[in-house]
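For the record, the sequence lines run as chains C, G and Y. So in our numbering, spot 30 of the first sequence is number 30, and the numbers just go up one at a time. So in our numbering, spot 540 of the second sequence is number 540, and the numbers just go up one at a time. So in our numbering, spot 136 of the third sequence is number 136, and the numbers just go up one at a time.
Hint data in this document are derived by calculation from the structure and do not stem from the laboratory. Don't take each hint at face value.
As the list claims (entries may be wrong) - As a list, the in silico DMTMM-like pairs of lysine to aspartate or glutamate whose alpha-carbon atoms are at most 25 Å apart:
#1 LYS351/Y x GLU99/C
#2 LYS182/Y x GLU80/G
#3 LYS120/Y x ASP16/C
#4 LYS836/G x ASP39/C
#5 LYS11/C x ASP130/Y
#6 LYS86/G x ASP366/Y
#7 LYS51/G x GLU363/Y
Claimed, not checked - Derived DEER-like restraints, expressed as beta-carbon distance ranges:
#8 LYS134/G x GLU126/Y: 42 to 48 Å
#9 ARG115/G x GLU173/Y: 35 to 41 Å
#10 GLU117/G x ARG6/C: 55 to 61 Å
As the structure is a computational prediction, the values presented were derived from the model and not from experiment. Every residue, glycine too, gets a C-beta built ideally from N, C-alpha and C.
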Amino acid sequence: MEERIREIILKHSDRDAKLLGILHDIQDEFGYIPREAIDIVAEWLSISPGEVYDTASFYSFFRFKKAKHVIRVCNGIVCNLKGSEEIIRAIKERYGIKEGGVSEDGLFALEIVECIGRCDGPPAMLVDDDSYGNLTPQRALEILRGYEE
Amino acid sequence: MITITINGKSIAANPGETILQAARRNGVEIPALCLMMEDRPIGSCGLCVVKILREDRTSYVRACTTKVEDGMLIETHPPEIEEARKTILELLAEEHEVGGELQALLDRYGINVERREVIREEWPENPFIFFNPKACISCFRCVQTCGEIKENHVLVRRGRGARIEIVAGVNDSLKDAGCAFCGACIDACPTGALIEKTAIRAKGPLKKVTTICPYCGVGCAIDYFVQGNRIVYARGNPEGVNRGDDCLKGRFGWEFVHSEERLKRPLIKRDGKFVEVSWDEALDYVAQRLREIREKYGADSIAGLSSAKCTNEENYLFQKFMRTVIGTNNVDHCARLCHASTVVGLFKVFGSGAMTNSIEDLMTSEVFFVIGSNTTHAHPVIGTLIKRAVKRGAKLIVADPRNIELARYATIHLRHRPGTDVALINGMMHVIVKYRLADYKFVEERTEGFEKLKEVVEKYTPERVERITGVPRDDIIRAAILYATHRSAIIYAMGITQHTSGTANVASLANLALLTGNVGKEGSGVNPLRGQNNVQGAGDMGALPNLLPGYVRLDAPYADEIERIWGTKIPREPGLTVVEMMHAALKGKIKAMYIMGENPAVSDPDRSRVIESLKNLEFLVVQDLFLSETAQLADVVLPAASSLEKEGTFTNTERRVQLLRRVIEPVGEAKPDWWIITQLANRMGASWSYGSPKDIFEEIRKVVPQYRGITYKRIEKLGIQWPCTDEEHPGTPILHVDRFPTPTGLARFAPYEYKPPAEESDEEYPYILTTGRTYEHFHTGTLTRKMEGFNELMPEAFVEISSDDAEKLGIKNGDCVVVESRRGAIRVKAKISKIKKGVVFIPFHFAESAANTLTLDALDPEAKIPELKVAAVRLKRC
Amino acid sequence: MMLLRDAKTLDAYVSSGGFSSLKKALRMKQSEVIKEISVSGLVGRGGAEFPTGLKMKFVAQNLSTPKYVIANADEGEPGTFKDRVLMERNPYQILEGMIIAAYAVGARKGFFYIRHEYRKIAREIEKEIDELYSEGYLGSNILGSKFSFDIELVIGAGSYVCGEETALMESIEGKRGFPRIKPPYPAQRGLWGKPTLINNVETLANLPLIIELGSKRYTELGTHLCPGPKLFSVSGFVKNPGVYEEILGKITVRELIERAGGAEGNLKAIMIGGGAAGYIVDKSFLSMPLCYHHARERGIFLGTGDIIVLNDEVNLWKVLLQIAKFFEHESCGQCFPCRYGTKRMRELIEKILRGEGKRRDIERLDAIANALKIASLCPLGSSAALAYESAMEYHRDELMEVIS
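Whenever a hint applies, use it, and build me the whole structure from the sequences.
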């Protein structure tokens with residue numbers, strides 16, 4: 001792990017804006033931000049691990065619990081008016097996840113998020129970086145099945 | 001001046017000040033909860049909002065962050081703002097337990113709301129600081145203090161919105177997050193969410209007494225808060241040299257005074273067992289035994305160790321006692337083990353052996369060259385000052401084989417092999433001469449012997465120095481250029497002095513400063529950091545075998561003057577130094593020793609032999625707070641008062657003579673050392689009449705020219721830096737501004753060739769051991785290891801080893817390791833770190849696994865300081 | 001279409017006249033470029049409506065270096081998705097605008113900050129930036145001139161407040177997105193304490209247009225009070241939600257909704273200006289021409305330019321709850337009024353929705369709204385009460401029905 005983290009960090013060495021980019025790459029690699037990574041990143045940036053955590057814990061996208069895929073269901077005003085709560089209920093039931101939790105098999109994390117800018121196709125969700133709009137509960141579950149492997 | 005209008009009243013304001021500052025100055029009270037330092041507003045609480053009326057619009061701004069503008073019309077308490085303040089306070093009170101400043105505000109606004117249960121996480125346990133998450137309003141004052149002010153960056157914010165919380169590190173315990181336990185967060189907290197554990201249950205009024213910290217040579221002023229005869233808590237005094245800063249030891253390291261293990265009555269060893277006796281009996285017995293031994297073997301068969309932990313007055317009396325009552329110059333103290341080479345080396349080059357500049361003056365340095373000093377651990381308040389300066393833009397060169405905390409802040413980190421300092425410094429001077437970066441005007445006007453120096457350093461090419469030191473040649477060149485082209489201050493400590501080449505190391509640093517004109521100026525100089533609170537003073541007072549008070553040589557004409565003041569003869573043969581005393585004791589030449597507040601059985605090199613030497617004495621008397629490892633070997637033990645229990649003066653590392661105040665009465669029958677020495681002297685025929693430390697200080701002023709202008713009255717608020725020649729003299733923050741105290745007034749280059757340390761690694765003992773202090777403990781642990789909290793933070797010794805070496809030896813973090821040298825072996829836990837390969841480090845605080853079992857007592861030929869920083873060892877798993 | 005033209009490839013963009021404005025600008029003096037933009041009357045399209053030319057002038061006049069340019073693509077306002085569509089369909093025009101802005105103010109380095117929800121688009125932008133380097137539109141000596149400029153892409157990580165300019169700069173610097181206290185403004189001390197020009201991507205996409213047309217022709221496009229094209233996000237209960245490009249002042253709210261296929265069901269209320277940091281108004285606004293000036297005259301702001309249509313099946317308290325939840329979730333927590341005020345608003349509205357609403361709950365909501373407006377540290381906090389207050393102004397009777 002340490003080796004891989006160092007490689008990620010090195011990729012950012014000639015950039016001015018470092019920390020967010022490094023954390024993104026680490027989360028892409030491991031599915032979350034491991035504690036060990038915080039220490040290594042801190043050392044490399046000559047800041048304390050606490051300072052890295054201060055930043056990372058601010059952003060709702062960064063996660064400290066591992067999950068293979070992250071479902072982010074939009075519950076912004078437009079999606080909410082157009083039925084996002086049904087989508088959320090369906091996903092919770094199907095995978096037995098709570099809001100902010102991870103399914104038992106570690107496959108999905110469920111997050112309820114604010115507007116994701118897909119108000120022209122509500123309700124919408126993101127699975128990892130892919131966005132899906134005009135959802136119905138059935139369609140949402142179908143999409144997620146595709147991530148089950 | 002500009003004019004603003006606050007609530008209809010015209011007010012003159014200073015350009016650049018904030019509305020809040022202008023208002024407060026004019027008696028307009030605006031509430032503010034998050035504001036701690038007016039020049040660094042946080043702006044989180046929103047209570048100080050005021051209304052600005054302009055022609056086209058009105059706006060609401062924070063008074064703490066908004067600067068005044070000419071003609072500004074301000075309203076501080078319009079109804080809508082008072083309404084908003086009330087709402088904010090209600091919201092706060094609903095979410096939190098309240099206390100401190102917040103409670104006062106709630107009272108003022110008549111707010112009484114019901115608190116709802118909000119679950120917030122508690123912190124993991126720690127020994128010193130209590131955190132009440134329910135009372136924490138996340139105003140970020142503690143975060144600002146820990147980060148921007150103290151440069152620790154341990155307390156941070158987690159999450160956001162209403163769930164924002166203050167945590168240590170990555171949800172760690174304070175200890176694991178690297179907390180310095182400086183306590184500054186407690187001072188910052190406006191609600192009482194952070195408080196000293198010892199202060200939680202304190203009720204009723206506390207008495208505040210300000211005195212000087214009992215630990216290192218920085219000499220911080222500490223306010224102690226006392227109830228009855230017990231200290232409740234302590235914090236840094238804002239007017240002291242520390243400007244309110246504090247470290248773990250200063251803040252929490254006072255509990256030893258209340259330790260159950262304190263000696264409370266004199267002890268005499270009978271049939272191998274200590275029995276408690278009265279003071280009269282103990283003192284009579286000591287006087288009688290010393291008289292007998294002197295009569296039988298002569299005065300020079302007796303030796304005394306004075307103490308850098310005792311006051312100037314006590315050190316002065318101790319050496320006077322040894323010289324005039326016993327009649328020998330066999331008096332020395334632990335400075336022999338720490339800065340003897342400083343005194344000799346700096347004296348040789350500058351004509352004076354002390355820190356040239358001041359602590360406060362360091363804030364003006366452009367470059368720091370820190371060599372052989374783990375400043376943030378050994379002198380934390382100065383360490384913080386350096387970290388702050390670096391954050392402000394100063395540059396830092398660190399020379400240390402260990403990856404010390406300051407290395408993180410360094411522009412260049414030179415990781416040289418222990419014992420190769422002369423080569424490294426000569427190499428830097430080689431570069432400076434070669435690139436013509438010297439200050440030739442300074443060299444020409446203020447120094448002599450430059451040609452000789454040039455000759456010596458010419459041979460130290462960066463390539464050759466790389467081979468000797470292991471430092472890449474480019475780094476040597478970069479460091480030399482950085483140092484030479486700025487206003488640079490050298491800061492060093494025992495990593496430089498505790499070598500057989502200690503004097504050479506110190507003189508070489510002085511040469512380097514001379515060569516670049518970095519002496520006698522603000523923000524420059526050669527600055528040894530002294531390890532004990534009064535190690536400077538103990539030397540000043542002449543607790544040295546070859547020098548009288550004021551560093552007067554035994555053969556100097558002024559020695560006659562001292563004889564005249566004392567009204568008695570002074571022996572003129574130099575006496576024995578610390579290590580020589582032990583050797584002489586082993587050989588039976590020294591028969592009796594009087595040891596005041598020192599613990600050579602742990603602090604001195606090759607300790608097995610030291611213990612043997614002490615056991616070999618006919619008579620040993622030890623004066624201490626605790627039954628130390630040395631005291632256990634004594635025939636008589638005299639219980640002494642701690643520095644928090646007496647008056648007197650300490651002289652800190654920057655030559656500042658500072659006044660002590662009695663915080664509590666001595667415990668049990670413990671007595672101040674000056675009283676004990678006086679009693680002994682008088683029982684041995686002297687007729688001393690000192691009634692108080694002040695009486696003694698008045699005599700010191702007569703004897704020691706550097707102290708002549710200093711009086712107790714003058715140093716009531718803040719001490720004065722010697723030399724201070726008369727009562728009008730302001731003291732001397734920077735030495736050597738116009739001339740050097742040498743016969744010619746010029747400084748004298750004293751070039752040295754590199755000589756390898758006394759013991760080098762070889763096949764049999766392939767690793768170099770270096771020793772030192774940790775942040776959590778002090779010296780031989782006599783004080784700090786008496787306190788539970790300190791033991792919790794660092795319960796035992798460790799050996800720091802590089803990951804490469806650890807792998808080679810099959811050692812994992814936390815493994816038990818046997819470290820063995822030609823003198824002995826100890827068992828310690830392994831701690832894998834970024835220390836230089838081939839080098840290991842062990843702290844010397846722990847008697848049960850004492851680093852000094854391994855060290856050797858090879859001495860520097862001039863200063864007689866032992867080489868505590870280099871010994872060859874081998875390691876294996878237990 | 002001047003902004004929403006489809007030019008997804010560099011070839012398509014260049015063949016439809018793309019980068020001719022940059023070439024033209026590089027032949028102009030920097031001050032001339034800024035003058036053109038000032039005269040054009042362009043104001044920021046991200047919601048704050050500040051004159052773009054003036055901002056550029058402040059940065060250009062600041063003697064401190066280096067200077068930075070930031071493209072703000074951290075679109076986070078609920079109901080706003082026009083930047084997303086613009087980046088999907090016409091990304092090069094934004095980048096060209098960014099290069100022109102950098103040239104005008106004397107910046108050598110720029111940052112393109114995009115929210116992580118648009119990560120797929122970010123990957124495209126990254127490729128497009130690389131392409132511009134290889135084609136000589138970025139890097140050293142752009143198009144043979146003495147001007148050099150680099151762009152670094154930064155992806156956000158889920159924080160609405162980072163759309164606020166100073167919070168965004170903190171985020172680029174690797175810190176939590178706490179808005180800074182202003183002044184100093186970004187033009188004085190911005191990214192890493194240096195003078196910084198920060199603009200919304202739609203604003204930047206206007207710059208090539210102004211250079212191409214000349215400020216005179218550009219101003220003639222709209223009304224003299226607010227010229228230029230504007231993107232509107234239309235969503236909610238309309239038949240064809242989407243982004244519509246209109247000339248400012250030339251169309252009313254009603255006409256825009258009609259372009260989007262008209263309302264689904266009976267239109268009851270309209271949210272204007274930003275789904276969260278916006279207003280909930282009534283039908284009387286249907287006749288309002290869509291321009292900054294007219295909006296201000298009626299006591300609201302056009303903001304990011306979005307319209308959410310609400311029909312009579314919608315419970316307005318539920319809408320207010322969603323908005324309160326949004327602010328509670330996105331409050332950065334730096335200042336007390338917003339940190340606790342947004343939370344308490346959500347709790348009170350929940351209570352009302354449970355049917356337990358009392359008069360004094362409304363009084364409390366009013367008090368919190370007052371504290372938010374007066375004492376919040378940044379615009380997020382002060383706008384958290386807008387929806388509630390405007391809804392109370394235009395739909396008071398309906399809202400008070402459930403209060404006992």
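Here is how each hint holds up against the structure:
As the CA atoms of LYS351/Y and GLU99/C are separated by approximately 22 Å, the hinted pair is consistent with the 25 Å bound. Proximity of LYS182/Y to GLU80/G is assessed by CA-CA distance (about 22 Å); at most 25 Å being required, the pair is judged to hold. Note on LYS120/Y and ASP16/C: the hinted pairing holds, with a Cα-Cα distance of about 22 Å set against a maximum of 25 Å. Proposed proximity of LYS836/G and ASP39/C is supported: the alpha carbons are some 21 Å apart, at most 25 Å.
Only pairs whose Cα atoms come within 25 Å are accepted, and LYS11/C paired with ASP130/Y is accepted, the gap being roughly 16 Å. At roughly 13 Å between alpha-carbon atoms, LYS86/G and ASP366/Y fall within 25 Å of each other, so this suggested pair holds. The suggested pairing of LYS51/G with GLU363/Y holds, with an alpha-carbon distance near 23 Å, which does not exceed 25 Å. With their beta carbons about 47 Å apart, LYS134/G and GLU126/Y fall inside the hinted range of 42 to 48 Å.
Take ARG115/G and GLU173/Y: their Cβ atoms lie about 37 Å apart, and the range 35 to 41 Å holds. About 45 Å separates the C-beta atoms of GLU117/G and ARG6/C, a value inconsistent with the hinted range of 55 to 61 Å.
Of the hints listed earlier, the one the structure fails to meet is number 10.
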